[in-house]
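In order, the protein sequence lines correspond to chains G and P.
Per the working numbering, the very first residue in the first sequence carries number 1; after that it's consecutive.
Per the working numbering, the very first residue in the second sequence carries number 1001; after that it's consecutive.
It should be emphasised that the hints constitute simulated quantities derived from the structure, not laboratory data.
Be aware that one or more of the hints could be misleading.
[As the list claims (entries may be wrong)] A short, non-exhaustive set of chain G residues, derived as facing chain P with CB atoms under 8 Å:
id	residue
1	P148
2	T149
3	A151
4	R163
5	K267
6	L270
7	V281
[Said to hold, decoys possible] No more than 27 Å apart at the CA atoms, straight line, and that leaves these computed lysine-lysine pairs for DSS-like:
id	chain 1	residue 1	chain 2	residue 2
8	P	K1017	P	K1057
9	P	K1023	G	K267
10	P	K1017	G	K132
[Claimed, not checked] Covered stretches of chain G (chain P as the covering partner; in silico rule of three or more C-beta atoms under 8 Å from a C-beta of chain P):
id	segment
11	52-61
12	70-84
13	178-189
14	282-292
15	315-321
The C-beta atom is built at its ideal place from N, Cα and C for all residues, glycine as well.
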Amino acid sequence: MEQPDTSYRPWSVSELAREIRSELSPLTRVLVKGEVSGMNRWTSGHYGFTVKDAGAQIGAVVWADTARRLPILPEDGHEFIFKGKVDFWPKTGQLRLVVDSLEFDDIGKMRAELEKLKHRLEEEGAFDSARKRPLPFLPRVVALITSPTGAVIHDLQQTIWERFPNLEVLVYPTQVQGPGAPSSVAGAMRRCNEDGLAEVVIIARGGGSFEELYGFNTEVVVRAILASRIPVITALGHTSDRTLADMVADVECRTPTAAGERVVPIKAELLAMLNERDRRVRREAELRISALRTALNGRRDRVDRAGPQSMSLREGRLLRAWADLSRLSPLAQMNRRLSELSDRRNRVEVCATTALRSRSLAIAGLRAPERARGALNQKFHTLRLGLVQRESRVRALSPEAVLARGYSITHDAKTGAVLTDSSQTTPGQRIRVRLAIGVLEAGVLGVTNDGND
Amino acid sequence: MMATTDSELSFEQALEKLDDRLKALEEGKLSLEETLVAVEQARDYFRICQNQLESAKQRIEVRPEPEPAVTTD
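Isolated chain G, as found in the complex (with noise of 0.2 Å):
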């Protein structure tokens, strides 16, 4: 540039503005110490503040861009390291401090403030452990609080799937660090609560330095945990301070890995478990089983006599409860494929036997007029054997037998009366005599009493 001659003529404002920012050229590279007043934020998104000493101030900005990066931002009443470079704005004439990245200066004026707000909700019980909320011991679903973009989600991810492949898994992505952090923290915890769908909840980064973590450490984050419904797990990484966040949690973990581990438990184990249950269950039911089945067996006829459904069927519910027992368990899987094979088979052979007998009964039926007519015949027969014999019997007790035999019978000829003593008689009267074959009409020559004439 060429150099005005001040002796003739003047510089316009214009050409001593840009002299000013030429000149401030070495002023590019500071690291200036200061305490913050003023902090605004622009409509633009650019942040302004003054930073000033006892003796002196300057005034000084935070581009939006630059923000968004920043760890932290600064913050009225403490004091910061400002690294940036000295500007000029012709148009207001101003000179700044253009701020490219900050860090505590007064890192032990912060702490003394966290330990005041420690102090408060010390008081408060925030920290007691009475107040800490058992972990559901099996989550159905498990929300993360976390950034979208890191290692922290897929860790996490992996993690929770590898112990328990079929849970869901809900994200509330956020930002973990930079001046929206509390904000974002403390909004995810809230739509959470109100979604109502997870039974924990994990806040996880990986971990960072004092500055990275503050959010972690203001109020608004600390509310938020404190006011949640659902148990809340924090997995801020390997650092050396814990937060406030982590001393309200209702569970502390390091890693996100470890917090996975703590919230979901390994399904595998969960089957075990249920598993070897299940063998103890029916156990105790054959066991049981076996030692009725002894007892019952000394009084089987008795019992039998007595009531035999009764006994039975209760043997059977308890055999068909193990039965339904042992079906519902997956490692018993197998072995119901297996019994319901032999099962079938035994169905078929089953149907295959009866299919047998029916047919040889059938076979049967066809020659049962035939075995009818010989078991009537077989009657008859007897039938008529008793006949003969009775006739035989009952000709034989007959009074014609008796006459064949050379007996008579005489009848009073008029009276018909069977006559047995001759005193019933007188001369003359007319008798008739029964032979075995025909009659003799007769009359009475004389009578005399005595029979062994």
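Use these hints to put chain P onto chain G, whose structure you have.
Just chain P, lined up with the frame of chain G:
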């Protein structure tokens, strides 16, 4: 046999009840009728536990912030 509230039991609660029945069975002091009931109940609780293990689906859902975070002044 199973109360309706039993279906809402957590895995842990159902497992606890299953263990109760198992303990009663293993003590061997139950009558036949009680043994039947205990075995049936153990079976029910076993089924609840198993349902709890199998009911969930592997799923990941991202629930984004409704609007970009506004930094408070």
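TODO: Against the structure, test the hints numbered earlier, and report the numbers of the ones violated in rising order.
DONE: As far as the earlier hints go, 2, 3, 4, 11, 12 are violated by this structure, in ascending order.
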